[in-house]
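Using the sequences and the accompanying hints, generate a full structural model.
Read in order, the letters of the sequence shown are residues 78 to 152 in our numbering.
Careful, some of the hints might be misleading.
[Claimed, not checked] Computed beta-carbon distance windows for the label pairs:
(1) 100 with 78: 18 to 26 Å
(2) 126 with 150: 34 to 42 Å
(3) 142 with 81: 23 to 31 Å
(4) 149 with 126: 16 to 24 Å
(5) 126 with 96: 16 to 24 Å
(6) 79 with 146: 25 to 33 Å
(7) 82 with 139: 15 to 23 Å
(8) 89 with 150: 31 to 39 Å
(9) 126 with 89: 20 to 28 Å
(10) 143 with 85: 20 to 28 Å
(11) 88 with 109: 13 to 21 Å
(12) 147 with 79: 29 to 37 Å
(13) 85 with 139: 15 to 23 Å
If you are wondering where the hints come from, they were derived from the structure by calculation, not from laboratory data.
Just so you know, even glycine gets a beta-carbon here, dropped at the ideal spot from N, CA and C.
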Amino acid sequence: MLNLLSILIGLVALPFAAVGIIPIPLLPLINWIALPIAIVGTVVGMASRSNGGRNFNLVIVLISGLRVMLTGGII
78 MLNLLSILIG LVALPFAAVG IIPIPLLPLI NWIALPIAIV GTVVGMASRS NGGRNFNLVI
138 VLISGLRVML TGGII
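What follows is the structure in structure tokens.
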């Protein structure tokens, strides 16, 4: 049950991360929304027996975190 909840949280964070990758000025700030949502999904996924939801959220955290790091956290 927690794995399904983790996947659903990841599906909420995924559109924010996908839009945040587009290199239009100020649009990557959306990654600051996707990052905490995906971190919550990762924590919920850690509580479940299965690894699918946790891994899905870790990929979103990696993508959003890398984009935030590359842009210096501003753009």
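- Which numbered hints fail: Numbers 1, 4, 5 and 8, in rising order.
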